[in-house]
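**Q** Sequence:
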Amino acid sequence: MAVRITQANTNRTYLKNLNNAQYAMNNAMERVETGRDFTKVSQNVTSGTRAIDVRSRLYKNEQAQDNVNTANEQLAMAEDAIMEMNDIASSVNAEMFKALNTHTLEAGREAFLAYLDEAKDEILRLSNTKYNNKYVMGGLGVGETPYKVDKDGCLTFNGVKASDIKEENGKYIDAAGKEVPYSGKAFMDIGLDISVKDGAVNPKTAYKVSVEGIEVLGHGKSEVKCENDDGTETTYEISNNLYDMMTQMGEALKESDTEELRAILQNFKAQTENVITGVSEIGVRTKFLDTTLTRLENENYSLTKMQKDIEGVDDATEITNYLGYKNSWSLVMQFGSSVIPKSLMDYVT
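Under the working numbering, the residue at position 150 of the sequence shown is numbered 150, and the numbers go up by one with no gaps.
No lab work stands behind these hints: they were computed from the structure. Backbone N, C-alpha and C define an ideal beta-carbon position, used for all residues, glycine too. Treat the hints loosely; a few may be bogus.
Result set (DSSO-like, lysine-lysine): computed pairs, CA atoms no more than 27 angstroms apart in a straight line [as the list claims (entries may be wrong)]:
#, residue 1, residue 2
1, K221, K98
2, K134, K166
3, K166, K130
4, K161, K130
5, K166, K185
6, K130, K208
7, K161, K269
8, K269, K308
9, K16, K40
10, K204, K166
11, K151, K130
12, K148, K130
13, K130, K287
14, K151, K221
Computed Cβ-Cβ distance ranges for the label pairs, DEER-style [unchecked claim]:
#, residue 1, residue 2, range
15, D80, R55, 31 to 39 angstroms
16, K197, S91, 43 to 51 angstroms
17, S256, N133, 42 to 50 angstroms
18, K305, E118, 55 to 63 angstroms
19, N26, N133, 26 to 34 angstroms
20, N128, S91, 15 to 23 angstroms
21, E122, S280, 17 to 25 angstroms
22, N228, K197, 52 to 60 angstroms
23, E233, N202, 46 to 54 angstroms
24, T104, V279, 30 to 38 angstroms
25, I52, V149, 49 to 57 angstroms
26, S91, S302, 44 to 52 angstroms
27, A76, E118, 23 to 31 angstroms
Could you build all of it, start to finish, from the sequences and the hints given here?
**A** As structure tokens, this is what we get:
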């Protein structure tokens, strides 16, 4: 029995083949443009699940790298400020030793006092060094300037006199036994699987980005004994804070009290060693960050390669496939001119 093939059947078959050729060509073109083997998990569930996991690890890795760079820059700002403080402290120490000579003290009192005022202003400025609107030595505070001078001319840290601050169990306590506001430690995630317990960050799983500026500048007071020329001893209560000690130096200069000045310088020199320690500590922490950044960059390279292996395509192969599909589509289009009426072909092309 003869089978009659109508023009409508021919048209439907042709359009179906044309759509299939165009769909294959478009898919090939998309793979070439994106460089990816699939765009939806449903297209390849096994590889898609692995790809999601790798992407998540890549995102965390890149975030950790950003945090490491931020921490490095913040510590660099703090290190520069502390090194300048150390230079100022060394210079003050040298100038005050000159003042211990009675003749020099009387002749240059005003110059010494003016120098101390300038040094104090510079110490205060450096204490409030900022990075990205954050005070690098100000604890957890963000808005308020951490280091100020009160009406008595004493340096304060977050509203508490530095000379009244004590350290107990790793916390800074004021004269009333309360913890100094915003004096806690700030931590940052640098890819160590950060964890939190009872509202506190486990320091072994995060990186301490804060710098204890009050430790560098000094806090509390000390009793310093000095032997007098007659063999007796005098005990002086001296602040441990660099700024306040310079204030006390100025008062001793005004009174021409070289014995008290000598006692202050003795304590000043001891506190200057804490400044040097602060610089050394930052150096160690920066070296750790450099090592961590290298590790993260290596992990990033491995994860990127893994992502390419899971999602990626071979460019040469896909371009060849695309050109093949494009040629097939062109041939189907050309073939249509002989099986579809002219008016419909005009519409299709």
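**Q** Which earlier hints turn out false for this structure, listed by number in ascending order?
**A** Per hint list: 8 and 19 violated.
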